[in-house]
Amino acid sequence: MSRGRIRRVALSRRALLAGAFGSAASAAYAASTGSAGAPSWLELAETLTRSAQRLLLSPGNLAREFTEAEMSPEFRANGTEMPDGDDYARLLDGGFADFRLRVDGKVETPLDLSLDDLKRLPARTQITRHDCVEGWSAIGKWTGVPLRAILGTAGLRPEARYVVFHCFDEAEATLDGSGTYYESLDLVDAFHPQTILAYGMNGQDLPVRHGAPLRLRVERQLGYKQAKFIRRLELVDGFSELGRGRGSFWADRGYEWYAGI
Amino acid sequence: MKPLTGTDESRTTRLLVRRHSALVRVTHWVNVICMAVLLPSGLQIFNAHPRLYWGQYGADPDRAAFEIGAAGEGETVKGFARVGPVTLPTTGVLGVSGRRDGEALRAFPSWATLPAVQSLADGRRWHFFFAWLFAFNGLAYLGHGVLSGHLRRDVLPSRDQVRPSHLLREIADHARLRFPKGEAARRYNALQRLAYLAVVAILLPVMVLTGLCMSPAINAAAPWLVDLFGGRQSARTLHFISASLLVLFTLVHLAMVVLSGPWNNMRSMVTGRYAIRIARAGS
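Going down the list, the sequences are from chains A and B. Residue numbering for the first sequence follows our numbering, starting at 1 and increasing by one per position. Residue numbering for the second sequence follows our numbering, starting at 1 and increasing by one per position.
It is possible that some hints are incorrect.
Sample of chain A residues with no beta-carbon within 10 Å of chain B, all distances over it, derived [what the hints assert, rightly or not]:
#, residue
1, Glu68
2, Gly94
3, Ala97
4, Leu101
5, Ser137
6, Arg157
7, Arg161
8, Ala173
9, Leu175
10, Pro207
11, Gly245
Distance windows between CB atoms, simulated [stated by the list, open to error]:
#, chain 1, residue 1, chain 2, residue 2, range
12, B, Leu177, A, Glu172, 23 to 33 Å
13, B, Pro89, A, Asp104, 51 to 61 Å
14, B, Ala140, A, Glu108, 50 to 60 Å
15, A, Glu172, B, Trp224, 49 to 59 Å
16, A, Thr153, B, Thr91, 50 to 60 Å
17, A, Ser40, B, Phe66, 51 to 61 Å
18, B, Leu139, A, Glu108, 20 to 30 Å
19, A, Asp87, B, Leu88, 43 to 53 Å
20, A, Asp87, B, Ile241, 42 to 52 Å
21, A, Glu172, B, Asp227, 32 to 42 Å
22, B, Ile33, A, Asp237, 53 to 63 Å
Just so you know, these hints were derived from the structure itself, not from any lab. Every residue, glycine too, gets a C-beta built ideally from N, C-alpha and C.
Whole structure, please, built from the sequences with the hints as guidance.
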């Protein structure tokens with residue numbers, strides 16, 4: 001009887017220890033990835049949200065545009081503020097004169113576009129509110145080329161479904177390179193009139209800490225979709241070959257791929 | 001005939017009256033589950049940026065109306081909460097808490113957040129799933145409440161209940177923990193009605209609507225909604241204030257449940273039947 005009790009106590013202590021290790025491990029995992037592994041059925045909400053918002057939003061619904069008087073006095077920079085790596089340092093030294101935006105994947109005509117090429121395309125300027133997933137907002141002025149102009153120039157192959165934005169910055173140090181920032185949009189948002197690749201901010205060249213030479217603005221989604229330091233656009237038919245397979249750096253780390261809320 | 005009093009059991013009989021419809025009971029308990037998840041997951045989300053602003057924008061360079069933070073370093077770090085010009089020391093609960101688990105610096109402590117560890121991604125997953133359930137549940141309650149007449153009949157205070165003299169007497173009775181008995185207990189009293197009305201007609205809808213204002217997509221689809229609350233950051237602040245008032249309501253609600261007969265109250269919200277004492281038939 002007493003042996004049994006002791007055994008049970010020992011077992012439960014072992015269970016407790018295992019639990020403690022488990023929660024320590026999950027805390028470490030959470031710290032490294034932003035996710036402690038919420039139950040997967042909660043992801044139903046993302047599907048519901050995306051479907052409901054797509055139903056409510058006509059493709060042409062514009063995000064509000066503000067006046068210059070309504071802009072944030074100082075626009076907080078977030079995420080990587082200076083990418084590591086020689087490639088980026090060399091381009092920055094040369095004022096991005098040697099920068100070429102690669103457009104490839106499922107396109108009719110792969111492109112290599114310099115900043116001057118991009119600036120020769122029709123530009124759009126918009127003063128919009130940036131809403132970070134953390135909760136803060138800042139209003140800034142962005143100037144760039146509508147993404148649909150670039151996609152129109154390259155020509156989409158019939159199987160193209162998503163535009164992937166490959167970036168210079170490694171947002172998380174990893175051995176296999178899976179920490180490099182990337183993001184993706186479906187074609188509804190890619191062809192939206194306010195979806196631009198911005199090369200200017202608040203009337204000047206896009207500052208490095210805000211993603212020079214090019215960053216994405218997709219105004220009906222949260223801040224983490226606004227990829228900075230873009231080097232390449234790739235048209236794909238799915239995400240399985242990218243990162244951890246969920247379509248973006250943050251989606252790979254537990255966040256929603258669709259960031260409409 | 002002697003006047004009837006609630007304690008004169010020889011002349012009264014116990015009667016189980018139908019108090020809550022099945023839909024009210026089901027939506028009440030679904031709501032309990034939703035709030036139990038939405039509050040701690042909301043605090044988890046708040047912890048990612050524990051500052052509140054008024055207006056369209058607001059971030060670290062801007063002045064916050066409310067802020068939870070920590071100042072100092074190492075062993076001397078102190079938690080604080082600041083409202084406007086007033087700063088309160090809150091070490092141990094807000095700003096700095098639970099130092100042994102290595103999560104010293106966090107606005108709300110780990111016992112108050114879902115999940116307990118700092119994880120904005122998971123907090124959002126919990127919050128949005130139960131927000132959908134909460135919204136559907138609330139629509140079912142309000143739809144039923146309007147169509148069945150429940151809101152007008154049982155929740156909206158009746159004309160005789162909103163007379164100042166009546167309200168003052170109810171406040172005095174509540175303060176002395178004297179609750180309606182007999183026939184008067186068949187219906188909600190005025191203070192109950194006003195509290196429930198404020199919750200179902202104002203606070204819960206404000207939670208959903210200000211929550212929707214957090215969505216840049218909904219902002220594009222319905223810009224008037226974010227204007228209604230004075231901007232996106234104002235809406236976030238109101239979301240927080242409204243949630244705080246709901247917590248306050250819940251504390252008072254639970255206290256009243258316990259003080260006015262926990263068993264009877266609990267049975268009525270589970271089975272629908274509420275016991276009252278009325279005059280014995282024929283007496």
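Hint-by-hint comparison with the structure:
For glutamate 68(A), the requirement that its beta carbon stay farther than 10 Å from each beta carbon of chain B is met, with the minimum near 13 Å. For glycine 94(A), the requirement that its beta carbon stay farther than 10 Å from each beta carbon of chain B is met, with the minimum near 31 Å. Distance check for alanine 97(A) against chain B: the nearest CB is about 32 Å away, which clears 10 Å, and the non-interface claim stands. Even its closest Cβ contact with chain B, about 26 Å, leaves leucine 101(A) beyond 10 Å, as expected for a residue assigned away from the interface.
Listed as outside the interface, serine 137(A) is inconsistent with that label: its C-beta sits roughly 5 Å from the nearest C-beta of chain B, within the 10 Å cut-off. With a minimum CB-CB distance of about 28 Å to chain B, arginine 157(A) clears the 10 Å threshold, and the non-interface call stands. Annotated as non-interface, arginine 161(A) keeps its C-beta farther than 10 Å from every C-beta of chain B; the closest such distance is 20 Å. Every C-beta of chain B lies more than 10 Å from that of alanine 173(A), the closest at about 19 Å, which supports listing it as non-interface.
Non-interface status of leucine 175(A) relative to chain B is upheld: no Cβ of that chain comes within 10 Å, the nearest being about 23 Å off. Distance check for proline 207(A) against chain B: the nearest CB is about 15 Å away, which clears 10 Å, and the non-interface claim stands. The Cβ of glycine 245(A) lies farther than 10 Å from every Cβ of chain B, with a closest approach of about 16 Å, so its non-interface assignment holds. The hinted range of 23 to 33 Å is not satisfied by leucine 177(B) and glutamate 172(A), whose Cβ atoms lie roughly 58 Å apart.
For proline 89(B) and aspartate 104(A), the Cβ-Cβ distance of about 58 Å falls inside the hinted range of 51 to 61 Å, so the restraint holds. For the pair alanine 140(B) and glutamate 108(A), the beta carbons lie near 51 Å from each other, so the given range of 50 to 60 Å is met. Checked against the hint of 49 to 59 Å, the C-beta distance between glutamate 172(A) and tryptophan 224(B) comes to roughly 40 Å, which is inconsistent with it. At roughly 59 Å, the beta carbons of threonine 153(A) and threonine 91(B) sit within the given window of 50 to 60 Å.
Taking 51 to 61 Å as the suggested C-beta distance range, the pair serine 40(A) and phenylalanine 66(B) does not conform, at roughly 35 Å. As the Cβ distance of leucine 139(B) to glutamate 108(A) is approximately 48 Å, the hint placing it in 20 to 30 Å is violated. A hinted range of 43 to 53 Å holds for the C-beta pair aspartate 87(A) and leucine 88(B), which are about 50 Å apart. A beta carbon spacing of about 48 Å between aspartate 87(A) and isoleucine 241(B) agrees with the range 42 to 52 Å that was offered as a hint.
In this structure the supplied range 32 to 42 Å holds for glutamate 172(A) paired with aspartate 227(B), their Cβ-Cβ distance being about 38 Å. Restraint check, isoleucine 33(B) to aspartate 237(A): a C-beta distance of roughly 40 Å breaks the suggested window 53 to 63 Å.
In summary, the numbered hints that this structure violates are 5, 12, 15, 17, 18 and 22.
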